[in-house]
Each structure stands twice: as structure tokens, then as C-alpha cells.
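Given the sequences, and given the hints that come with them, work out the whole structure.
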Amino acid sequence: MLGFAALALAAVAIELAARRPNSPLWTVGDCLAYITRPRLGRLGVLLAWLWVGWHFFAR
Amino acid sequence: MATQPPPVEVRRRPTRAILAGFGAAGFAGVAGGFASFTWQATVCVMLGGAVIVLLGMLRPQRRRLAPTPRRGALAWAILAVGFLGWEGSALVTGSGPSHPSLSLLLDPVLEPHAVRSVAFLGWLLGGWMLVRR
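Chains A and B, in that order, are what the protein sequence lines are.
Residue 24 in my numbering sits at position 24 of the first sequence, and the numbers go up by one each step.
Every position in the second sequence, counted from 1, becomes a number in my numbering once 1000 is added.
Read the hints as simulated data drawn from the structure, not as lab findings.
Don't take every hint at face value.
Estimated spans, in silico, between C-beta atoms of each pair [claimed, not checked]:
#1 B/Val1043 <-> A/Ala17: 38 to 44 Å
#2 A/Ala8 <-> B/Glu1111: 17 to 23 Å
#3 B/Gly1023 <-> A/Ala6: 35 to 41 Å
#4 A/Glu15 <-> B/Trp1039: 20 to 26 Å
#5 B/Arg1071 <-> A/Leu47: 24 to 30 Å
#6 A/Pro38 <-> B/Gly1033: 34 to 40 Å
#7 A/Pro38 <-> B/Leu1054: 34 to 40 Å
#8 A/Leu43 <-> B/Leu1047: 16 to 22 Å
Note that the Cβ used here is the ideal one computed from N, Cα and C, for glycine as well.
So, in C-alpha cells, the structure goes:
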């Protein structure tokens, strides 16, 4: 459980650091914009989202 | 000089968005009542997922450019590898109390109908936010 908590905290820290002015880091939105630019990337992200739903609500 | 009619104020009506929101909430309320490993739960996930995926592929994408250089994504890549490694090692070692997987941790949390419905609605909303990009 501590592992997931540490990962979640790291994600929040990266996002906050990325939102600072002139930050070289990408935000989550920037990453998604890059990945979903090609159609295949868009489909991949949506299928990953679908898998998350299936994993937690149906499996 | 002919007088021109006053400009018509075009206002966006949020009716469709409100209806969609109520529809999603109602659907999530029903879907949250089904336990895991039931065909009803699978159908609900597939139905909701199909709608979002279709919308995502058919809707014109907003052309938002990703910034450069790409090394700005390195921190996220490392985090993603870390998450996959942690979750993967939990599954490989049998997902016990000493090293539980994420699903093992969330199963008791998602058991009550109300919590499950809210989480389902949150999942649908996450999908919608991906589609709106």
C-alpha cells in the first residue's frame, strides 16, 4: 500500500512542478496531447481507459 | 438609411450536457449495483466504454500541440514504469497482504453500491475528459 501511496504522491509532485512557469517538465495534459495526436495513440489511450474500467468493475 | 435589426444573441443551451450528465449518473447508479464477475457488470462496462470510445474516435480532435523537447515527459515515463513494475511484482508474487495489487486494495472499497456507482461515474467522466481533448 505504501508503494502505491508513494507513486501517487510522486505523480502529484511532478504535476505541480510541471505547472510552474518555465518548467521543462510536461503536465499530464501535455503527455496526453502527444500520445493522442495520432489516431492510433488516441485509440490506445481510450482502450487503456476501457481496460481500467473492466478491471475494477467487471473482472 | 434603413435601420438594422438588433443582433441576435446566440446562447449555447446546456440542455444536451445536462441530459447527458443525468443519463450518465443514472447509468452509473444502475451499473454500481452489479458485483464483479457478473455478466451484468461486464455489459455495463462494455456499453459505457463503447459509447466513450466511439465518441473519442468519431469526434474531431482539438489540435493541441504537445511541447518540446520530449525529455519533459521523462519523469512521467519513469513513474509509469515504476507503477507497472510495482503492480506487476504484486501480481507475480500472488498479490497477498504483504504486497497487494491495486485491485486487491480497492475491492473492499468498491463493494458498497453507492461507492461503486460514484466510482463508475468517475470512470465515465474520466473517459469523457479524454474524449474532449
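Hints and how they fare:
no.	hint	in the structure
1	B/Val1043 <-> A/Ala17: 38 to 44 Å	holds (42 Å)
2	A/Ala8 <-> B/Glu1111: 17 to 23 Å	holds (21 Å)
3	B/Gly1023 <-> A/Ala6: 35 to 41 Å	holds (38 Å)
4	A/Glu15 <-> B/Trp1039: 20 to 26 Å	violated (38 Å)
5	B/Arg1071 <-> A/Leu47: 24 to 30 Å	holds (27 Å)
6	A/Pro38 <-> B/Gly1033: 34 to 40 Å	holds (38 Å)
7	A/Pro38 <-> B/Leu1054: 34 to 40 Å	violated (18 Å)
8	A/Leu43 <-> B/Leu1047: 16 to 22 Å	holds (18 Å)
Violated hints, listed in ascending order, are 4 and 7; each of the other numbered hints is respected by the structure.
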